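Trainee: Chains as they are written, first to last, in the numbering used here: chain A, 1 to 188; chain B, 1 to 48.
FYI, nobody ran anything at the bench for these hints, they're computed from the structure.
If you're wondering where the values come from, they're calculated on a predicted model, not measured in any experiment.
Watch out, some of these pointers could steer you wrong.
[Said to hold, decoys possible] Using 20 Å as the maximum straight-line C-alpha spacing, the simulated SDA-like pairs for lysine to any residue come out as follows: (1) A:K124 / B:L17; (2) A:K124 / B:E39; (3) A:K94 / B:G5; (4) A:K7 / B:V10.
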Amino acid sequence: MSDAWIKPFEDNMAPAEMIIVPAEGYRIWHAQPSLLLKSLTSNILWNPGERLEATCSWGSCVCKSSEWRTPNYNLLLYGSPGRDMCSAGIYGMKTFQQGLESFNLEVRMHERMKEPESRVVFGKVFLWGKLLECERGSRAQYAYPSGFYNTSDISAYLAEIYRVPLLAFKLPNLHGTRLEAAIRERQH
Amino acid sequence: MANIGEPQRVIISEPILNPVPREIPIEPEPAFVPEQEPEREPEKTQHE
């Protein structure tokens, strides 16, 4: 089942709140040479015009067994009853600042890669279906990009391909910081 | 994978509007057809 990864959380938390709009978060992707987006930590491609659905690809993950239903299972195994048992879901960060920091970190890491054909993309994402709200972001059952920041020469093309807005990229209160210098360097 | 901290709660989002943008079909513009003037009847000559 596609939402099996969230069941342990559903069963251990208060009844879920229901909303009729998608949540929105900030995230980064890799853009393939074909201009298709790819998740950073997996080979999952985000196809234009199609929602992405989260699945747990780890065959032996506890979310696929009934072990987590055993009383005190987490307590015995991890020493905490609220241990995060499965890390599946489509991730979105809560704030622009978090997204920007991730973007800059990934850009620096990406520059050291042997195959720099792909590009780092920074944008916003719609998250819906079953959502696991966390301290600094959310993990969702379904997702689709909701906009791309204009950080490079491919941003406008990506916005067109995915039929989402191209977002203005402003520097929030970074005057004189190393972050600002790094961004300006990338822009020229 | 971003470190987004500990899970707090589960929310169910069922958007009324589909968050995935639909492709807007582009209808081809109708070909330009010049208006044809109605055929005039040949003027009748009056014979006295």
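Trainee: A separate judgement is required for each hint: does it hold in the structure or not?
Mentor: Now the hints, each set against the structure:
1. A:K124 / B:L17: holds, 18 Å
2. A:K124 / B:E39: It is violated: about 62 Å lies between the C-alpha atoms, which goes past 20 Å.
3. A:K94 / B:G5: Given that 20 Å is the threshold and the Cα spacing comes to 11 Å, the pair holds.
4. A:K7 / B:V10: Roughly 10 Å separates the two Cα atoms, so the pair holds.
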